[in-house]
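Please construct the entire structure, taking both the sequences and the accompanying hints into account.
For the sequence shown, our numbering gives the first residue as 1, with consecutive numbering after it.
Bear in mind the hints are in silico, worked out from the structure with no lab data behind them. Be aware that one or more of the hints could be misleading.
Below, computed lysine-lysine pairings styled on DSS-like, alpha-carbon distance capped at 27 Å [stated by the list, open to error]:
#1 K88 to K130
#2 K88 to K100
#3 K32 to K143
#4 K32 to K88
Computed beta-carbon distance windows for the label pairs [as the list claims (entries may be wrong)]:
#5 G71 to R127: 16 to 26 Å
#6 S64 to N92: 27 to 37 Å
#7 I90 to L9: 49 to 59 Å
#8 E52 to K143: 19 to 29 Å
#9 I110 to Q86: 23 to 33 Å
#10 L134 to R98: 23 to 33 Å
#11 T94 to A67: 29 to 39 Å
#12 K3 to R79: 51 to 61 Å
#13 T94 to L134: 17 to 27 Å
#14 K5 to R51: 51 to 61 Å
#15 Y44 to R98: 41 to 51 Å
#16 L34 to Q13: 19 to 29 Å
Glycine is no exception: its CB is placed at the ideal position from the N, C-alpha and C atoms.
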Amino acid sequence: MLKKKPKVLTPEQAEEIRTKDFFDMILPGTIKFLSDHYIVGDSYRCVWAIREYPPTTEEQAILSQLADRNGVTLRIYHRLVESMEQRKIIQNATRRNRLKSGGNDVSESIEAEGNLQDVIELLANLRKNKEPLLHVSVFIELKA
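Next comes the structure, spelled out in structure tokens:
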């Protein structure tokens, strides 16, 4: 019997043949991920993660205005901060603000002192009211 010789591929041909990733195998035509957006069925979508959002009430109203729009989904996730992680966060904030307060820029020093007072006030309120500290993640999904 004649055996077939294995086909020798050039590097270009080998590059063209790619291994399917997880999403291609489970959802071949449903979801397509690109660098700045993804396609679900016939709609284009992108997700933005909001970082360092100010915790004051006036600025939070912007999120409620965004959530009322068509094609916008607002997702908020939270989890409890463990005591060790809470200590680390507070130490880092204190160090950063002490470094800023020792500088030559007067406005930066005033801002750093205000931030230190805010950290002290936050800790006092957490202990007084026995409230937990939460990590909050906010994601905005836009659909077109």
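Indices of hints not satisfied (ascending): 4 and 5
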